[in-house]
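Peer 1: Here is what each chain is made of, one letter per residue.
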Amino acid sequence: MSSASTSKTPDIDFNTPAMVRNRKFRAFKNRLASGSIAVGGLSIIVAILLIFFYLLYEIMPLFKAASIQPWQHQQTSSQAYQNPGQGKTWYLALEEQAEIGLRITDQQRAIFFNARSGEIISEQSITGPEAATATSFAVVSEASGIFAIGYDNGEVSIVKHQYTSTYPNDMRMITPSLSYPLGEAPIKVGEVKIELLAVSNNEENWTIVAGSNAALTQTNISAEENLFTDELEITSESFSLPRFDFAASKLLMLPGDRWLLAAGQQGKIAVFDLQAEDGAKLSQVISATANSIQTFALLLGNNALIIGDSLGNLSQWFLVRDEQNHWELQKIREFQSSSNAIAVVAMEHRRKGFATIDANGELHLYNTTANRNVLTAQLGNSGAVAIAYSPRSNALLVEQQNTIQLWQVDNEHPDISWAALWEKVWYEGYQEPEYIWQSSASNNDFEPKYSLMPLAFGTLKAAFYAMLLATPLAICGAIYTAYFMAPAMRRKVKPLIELMEALPTVILGFLAGLWLAPFIETNLAGIFLSLLTIPTAILAFGYGWANLPKKLRNLIPQGWDAALLIPVVAIATLVGINGAHFVEALLFSGDLRQWLTDEAGIPFDQRNALVVGIAMGFAVIPTIFTITEDAIFSVPKHLSYGSLALGATPWQTLVRVVLPTASPGIFSALMVGMGRAVGETMIVLMATGNTPIMDVNIFEGMRTLAANIAVEMPEAEVASTHYRVLFLAAFSLFLFTFVVNTFAEVIRHRLRKKYGSL
Amino acid sequence: MKTSVSSWVKSGSPWIWLNAGAVAISMIMVVSLITLIGVRGLAHFWPADVLQATYSQGGSSRTVIGEIVQSEQVSATQLRDAGIAVAAGVDSLERKLLKTGNRDIGGIDFTWVLDRDLSERAFPQMLFTVERYEWGNFYGFLRSFKRGDQVIASYAGSAKSSDYLALWQLLELSIARASDIRDKIYKIEKDQIGSINHEMERLRLEQRRWQLQGIERGAQIDAINLRRQQLDLDYKALEDQLITLYREINRDSISAEVSSGEIVQIEVAKIVRVFRANDMDQWQKSLHYLEKVWEFVSEDPREANTEGGIFPAIFGTVMMVILMSIMVTPFGVVAAVYLSEYAKQGFTTRLIRIAVNNLAGVPSIVYGVFGLGFFVYMLGGSLDQLFYPEALPSPTFGTGGLLWASITLALLTVPVVIVATEEGLSRIPRELKEGSLALGATKAETLFKVILPMTSPAMMTGVILAIARAAGEVAPLMLVGVVKLAPTLPLNMNYPYLHLDQKIMHLGFHIYDVGFQSPNVEASRPLVYATAFLLILVIALLNLSAVAIRNRLREKYKALEV
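Top line first, the protein sequences correspond to chains A and B. Positions 577 to 1334 (my numbering) are the ones given, in order, by the first sequence. Positions 16 to 577 (my numbering) are the ones given, in order, by the second sequence.
Please keep in mind that the hints were generated in silico from the structure rather than gathered at the bench. Where is the CB? At the ideal position from N, CA and C, for every residue including glycine. Some hints could be false.
As the list claims (entries may be wrong) - If you want a taste of the chain A side facing chain B, the calculated C-beta under 8 Å gives, among others:
hint: 1; residue: N598
hint: 2; residue: R602
hint: 3; residue: A603
hint: 4; residue: I621
hint: 5; residue: Y630
hint: 6; residue: G1089
hint: 7; residue: D1137
hint: 8; residue: F1194
hint: 9; residue: G1223
hint: 10; residue: W1227
Chain B on its own, in the form it takes in the complex (with noise of 0.2 Å):
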């Protein structure tokens, strides 16, 4: 039986298949942009092969290193703008981006080249990749090993042989040392001198402080002097230690040739890794995989936030985060148990409740302005004054800070919280509230034994969305606190150990500022897609929970409607 066109079409079958491919299509768009952030952050910590080839163009050539990015079509029309002959007939043409590396040499590490004129394609298995600390990757073959000045090891060949692997395991033992004095360094120079460069700050306010009392000299300001030499005496201490170290990280460098032929010294304290990735198997990628991973959420970034890790934006998130729903909890909770069970209703009430659920929806960069008006120039500039005088004019609460984030942050999301609450204890039976009242019990023991416990899976679904909306919320923060990079974390072994009024780094304004403001937009891509990737992953999880918290509750009441 054939469906003639007309009846489909009077049966509205065509508007049913029409609606159905606006759930299809809003369904690929959800799942195609996690995918493609998926692919693109983590396809990014994947050791990929490096490419040795010729590559001619008019008339020169030569050889080029580098790992494969990204490839695309270039229309012929755009490639005979910009001066490349190209046959008449040939549509578009195969272009690369290369990742060359070696930005100290050749100024740029990322090259565009087109597929046709790469010739002699290699991926020699010699050929090595260095992570460096400074100047970003650098490809090219190890040649030499050098202990101060003298040639310990040194290989000139191209096929892995005896000669080449004693060299390749002097360097791994020489990188395995090396960072093993950089964690030293790292911590003299961040724990011990932070520490007392910290609390030489907090001398220099005290005495500034009896300054303005007044207090010039004494027994306070000798205390102070005292401490201060103390200090000082560490501190000469430790700068001997630091010399030493430093004398010792930078014995060992090595030589290696780059595409060009050129060879170059490298030192052995600027590398972090060392890999050739051509002549690895799966199974040590995999691992070197996992360890790059590793090293992205537990590392401070480097070189200008375009490589490392975002160990620092996590912490500084997780911080504002947990500030937040300390406070938002039980104000949000308060204010639902007030609207729906103390509030006479009414009028008043549902105006309320109308003004509640429609913070939700005012713009967040509202917020933010309240926020850098009211709290950080107002109330923060206030508090400078009366308690932070010897600070002034640097401010200490009066500019942006964890403190101020985190509270313009939960007065954001406190109606997120009263409107989860307040349906929570909507659906709690008459019944039960009835029957511990008529048990003799008081208001407020029905409230906190009964309503409450009962409420409570309700309260964490609207914290936990919270939670989720905080988390991704970057515009009122740019008003209110976050900075690109923080030199410490707002929590540490340095009293008052929690840095209230300190700046912090948020994953979201992270993406932001890296992705927008870097100077290698190139470079620190990738990172921008991973770090799109965790904070999308953080919060799927957040909401998937909250869901599931949810779905329990309401089979929960169900039963007991019975």
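Isolated chain A (complex conformation) (with noise of 0.2 Å):
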């Protein structure tokens, strides 16, 4: 052999320098193929990873735990230090920045000082009477920097701190200052000496409830600035409240003048309604807790309360009107605490949260509509003195044992749990729990109700709407157009099925919300005449076609049956929606759609969930027709073909051979079929009215998630709670669709395995 081949030498010699690098050139090219391809291949699937963990990425934020560290400050922490000033503090306060801090001490005086460093900045004193000493001290509203306190002849002074930036040399200053919103000259209110002190205030006008126990008077008061000469002009008037028999230790004053509440002993709440018939009168008195109350104040708004006491207790109370108009204090919610006495509380300036110090140093942050606990820290080992949010929410200033640290805060999104996203939750104002989504209003002290229930509820509703559609007209379609159809008609349907499939959604939902939604209103008993006028005209028919003789019947080849039924079920159509004023008159005065509302009582919204449930199932039929018809073209012939000469009808093999094998394929077309009109955006957003209501009626609309996000994500601003729990409410529709697809397929897999193996 060897010697054969070396005797004769080869024509071509296939290692000319030229073939070697030739051949090295395809080889590196065949490499550098594989190694984009893959490269290729591989970007496209880490782009599908990258959707899954991008969506993640931006909701992680909403459930990560909040956290506490000393202010840190160009790589330095902020230090405890000495209370700035002299004095006791009544009340702390830190400007926007938290750079400023303020300390309202006994002697009235006013402290601004550097929060990160406790250097004082400026020092005041609060402009009061003369020769009289401060008995008591209330905050007015935490957001708008508004305090007041009473003195002990009988008046009260007002006083809002507040903050200017200027920007000299391109460096920020902020300058504090005191400002008197009703004058500096402080206000008589009575002749007691003022122990107990309430204040609200409602642009300009303000009410002030001031005294003691035995001496309540209530003072409203308007100031109202001249628009000529800028001069505040103030009206004022005095009267002085019955006697009331409950000895109170701290006043509160809702917004609205009416409702006055006040803590007392042993846990007592007393409520006290201004405006009565028979004038100011005690509405209530509840015990609030079995221990002696703490602390007393209110949220955010001013209108719900939050109270700690002795063993630790915190709640939130307010009032709820019921049926008969009547306001009661309610608790609302328990929060998670420690066992020891709460000292201190601050509320937050912009979200309904309130931090608290129990008398062991440890802090907690709360939000109140998610009730969750969102830090526990151990700051120091001994009870605050005073404690103060900053307007972002971003610091917290804690003065313990005559220091004060100012802290940072790190908590983004404290109102959101699962409770808040999933459960009922009671909001301020609402009569009992209830699941609301209403992500924004024009006021800031809203209360963001971020409940996906009615979401997921109106998305489930509409997608069930369109299956009642869409799965028997598409299965039974799709059964007959594969089992029973002439191939030669088939190949007609099957395109325009794939039209259908192709149809833009948006198209689909503008003919729904324009056309179909009057057209439904005008013609309700007709649609649902036409339900039974369509059925029984196609079996009519069927059975006066049965009869006919057979050399007519022979004109039309097997399988063509539908094509023949095409007439008849759109006169069947008109028949049913003509005929129905005849019904109408008969059973229902003349008018399905106003006999609904009015003697039925069922509220009809134009834009419905019928409206939706025809224009989404059009949209889903195509989907479950075409994988339904694959399952059932694909059983193999043979298992038919046995059963049929086996003497069974071709019903019967139907029933009993083809459509066993084929189920799970109609499973999985179902599902399919399912996660698309879960999905879908356009026709839900064009053909309901969008309220996210939680009601099965199909004469009323709904919210879907994706219409949610359609309608709400471009307002959203980045970052912020809202637009994560968008992204929340996207991930769960990603997740949903592609949890039940890929059963489907995992499904469908199966099936085509088990046809193989036949």
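Take the two lone chains and join them into the complex the hints point to.
Peer 2: What follows is the structure, encoded as structure tokens:
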């Protein structure tokens, strides 16, 4: 062998340098192609994963716990410092940037200091009556920085702390100052020493309740700025309140000048109705806790009360109106806490949250809506004297044992918890816990309501009504097309169904909203009547057809029955719709639509679930149809031939042999269809009123997760809670459809294998 | 021979009939939907006859003029509730929706009238319709033609006389002249001044860029200022031209009598076209129809998108789809090739295949959310920080735009391409591959010279289906870059010619916006139908061609397998 090959020199030399080079080049190209294809292919897979992980990445902060650390500034952390200035602290406050702190002392001094170092910036006396001592203090509004001081001579000062930023030499400088919204002169509200003080303020109207348990007076003040002179014009009226049989230790005034809350001995709270018909009266006394009340303060918006007691019980209360228009203070929720007495509480300025420190120096951050204890941390080991939140809720100023320290708080999304998203929540101003989605409002002290329940419910409702229409039509249609239809007709039907699948949903949505919805409203009875007339007509025609002479029947080849039925169905629909007013006149006093609202008491929206069901059903039919048809059509033919040969009718063969074999495929078709219905956006957006209500009524609308995203996403502020909750909604949709589709795909895969083995 | 009911039921025939009925219903639904949209959309361009009639209601009567848009039956109860006297025993009455136009005079341009209250119906030949650039249509009788303050021709009668025709002639000539001038104005304003503004903005950004680098003066800044002065001069010159042109275009006006007898002035500059619908024969109407259809697809929208054409929307959709295909085709094909030719077959590839398949079922709005968060805010925001700091705080790529819209849709449609290509790849007989390899070709050569050419129809199918899907998708686009009205096209004569950062108009979004956010729903509805019809047409064509290609492909492989 070898001698033969060596003796005969080859005609072609495969190893010329050129060919070697060429081979090398080809090998290189091959490797390059392999490499780049692998990179390209993998990058697509990475892209898919990216969607998943990016959505997760946006959602994660929602569930992150809060954290606290000493304030960090230019790599140094702020240390505790001695109380700036003299005297005992009555009140602490922080400025927007958490640069400047304010301490109000019992000697009526306002001390502005550098919150990070404790260095005093300015110190001034609060203008009060001469030769009088301050005896009480009340916060009017944390958010606008207004507080009030009552004196032993029956006068009250109302003071506001404010800050102006200037930029000399491109450096920010914040200058604190005090101002007096009702003028520098103290206001006379009574004759007795003011031990109890409560002030409420609504733009230019002020209400002050002051005095002692023996003699309380109410003073209503309106302060209007004169348009021409810029001077403050103050009108006030004062009247004494009846003597209440309740020993109050602290008063709080709710906005609206009607309700006055008082904390008393042994954990009692009293509610006074200042505008009762027969004069101010004590309307309710409740035992809020078995222990003594330690903190008694109003949450942002001044509508909800937070009570902390000596055994560390914390609870939220607000006035709830019942059916008879009676208001009652009710305990809304309790917060998880330690068993030590609550020493101080600070309210957030822009969210429904608060912070407490107990007698052992344990700090808790809470959010009321989510009923969430966002953070528990030990700050020193003694109770705090005062605590203040910065307006941005990113800093806490805490005074413990004559030292003050500034803490940095990282608490971005306290208002989200599992309960806030999926369970009933008792929102402020509501009679009972409810599922509500209301993400934004015009006012600042709004409580955002992020319950995904109404949206999930709406999504499922829309999908349910769509499936109600689509399932029978698509599956029956697919059965007929795959099993009975003549191949020639099948070739015409399938592209039509594919076209149906390709129809942009925006077109279906627009037709549903602008054409179908009004059409259904005027022809409501007709639609329902058609549901009866169409099947009847089909069956009647079928029976009639069976009784026609064979000659006539043979004119139409087998498997073309569907074509015959087209005019039948069309006529039956017309009959149903036009014949409806006879039925209406007979049963529903002439107009079903009117009858529904007037007689049956069923609310009717023009853009309702029925419209969505029909339009979305239309969009889902082709999806289910195609997969079902495929599953039935690929059932091996020998199975049905065997059955037919044994004498079964075609229908028996279908029901007993073909359908059981194909049933996993049909099931997976339904799942895919469901997935599509759940995620559909445009149809729901255009064909419903997009109101997030929870009602199964077919004549009312809904708001789905997808439509909600489309409506609210463009307006959501980046990285806000709202934004992230919308991401969460998208992620839920993603996960839901992904799981459902994977499940369906796995089933189909098994089915294909089964067919293969048959 | 008679079939008894029981034996008929026993044979299972009723069920078969019901199943057949389901197919019939589905077919009727599809066909009637397309017909409905087609009829409503296409009928809009037909010049309908204009009715003149006396409408008497509640003792008073007035003349109404308008096109009949719609008629329907209203139930008597509803009318009685509204306080309209209806004789007992009458179940329902017919009412008609009249497009009366003249919004500048009457405030509304559509009214419902009860058919029974209309009398003295006529379709006067001399009744003419003015399509205007502002305030919608005008219906009335032409009375006089003025040049400046001087009446050139007038006519008071109601018959079609030579006087009238002369007047009409004058008007048509004047409209043609105004239209020429308008074209010139448009050229100057849109093209020349537009490009000056564009360059001014670029200069401003350039200067700002230098400033950010700490350069406040120097050769660069001087050059910028010089160029700016030059542009200012150019602008001045153009402005002078414009003033003359505007004076020219505002020269003529007409007066016309409306249904109430009032005489109204209309400037010729505001007229799109005039015609006497009642005086046109079928041939003229057809011509008019074609002209209107052409206007619809080739012109810009007018009057808050309720009139005029949808050219920018078509253009935007096409641009976006082209960009998307450029991105989706290579990636989709490469991924498919990788999955079926290169990756080791096993559990992982099966998993990936399932994932890819399912991505096609993920709701499109999720892609929109991803696109907005990841592309627009994250990538776009970083791009702005890096490359366009001079434009901040106004975002360049940090807001929705053509690029992000096409990438998002590419991501959305990539599974379609992957699935179609993989199917094509799996249909290629093994022998071909093995033959090529046996002849010494490398794997890459086999792929590029044998496999891919044979798969190309499958890839085409995939890309066409992807395009069809992308063209109809709206939900994600609402988040990543469509607007109701884009001032300029994303492709124009201003550097850098293709504006990837610009927001675009889109047919699907146009339907949503005009149909649901429009101030004048009645007026815009026909246009929405027409737009929808156009969109369906495009998508149907794309789909049918994909089906055709697929069928041809299958035939071809049948031949191969023998």
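Peer 1: Each hint should be assessed against the structure and marked as holding or not.
Peer 2: Taking the hints in turn, this is what the structure says about them:
For N598(A), the suggested interface contact is broken, since its CB lies about 11 Å from the closest CB of chain B, more than 8 Å. Contact between R602(A) and chain B, as hinted, is supported at the beta carbon level, the nearest pair being about 5 Å apart and thus within 8 Å. With a cut of 8 Å, the hint placing A603(A) at the interface with chain B holds, because the nearest CB-to-CB distance is about 7 Å. Nearest Cβ of chain B to the Cβ of I621(A): about 6 Å, under the 8 Å cut. The hint holds.
Taken as an interface hint, Y630(A) checks out: its beta carbon lies about 5 Å from the nearest beta carbon of chain B, inside 8 Å. Among the interface hints, the one on G1089(A) holds; its C-beta lies about 7 Å from the nearest C-beta in chain B, closer than the 8 Å criterion. Residue-level restraint check for D1137(A) holds (minimum Cβ-Cβ distance to chain B is 4 Å; threshold 8 Å). Annotation: F1194(A) was flagged as interfacial toward chain B, and the flag holds, the nearest CB pair being 6 Å apart, inside 8 Å.
Because the closest C-beta pair between G1223(A) and chain B is about 13 Å apart, greater than 8 Å, the hint is violated. Because the closest C-beta pair between W1227(A) and chain B is about 2 Å apart, less than 8 Å, the hint holds.
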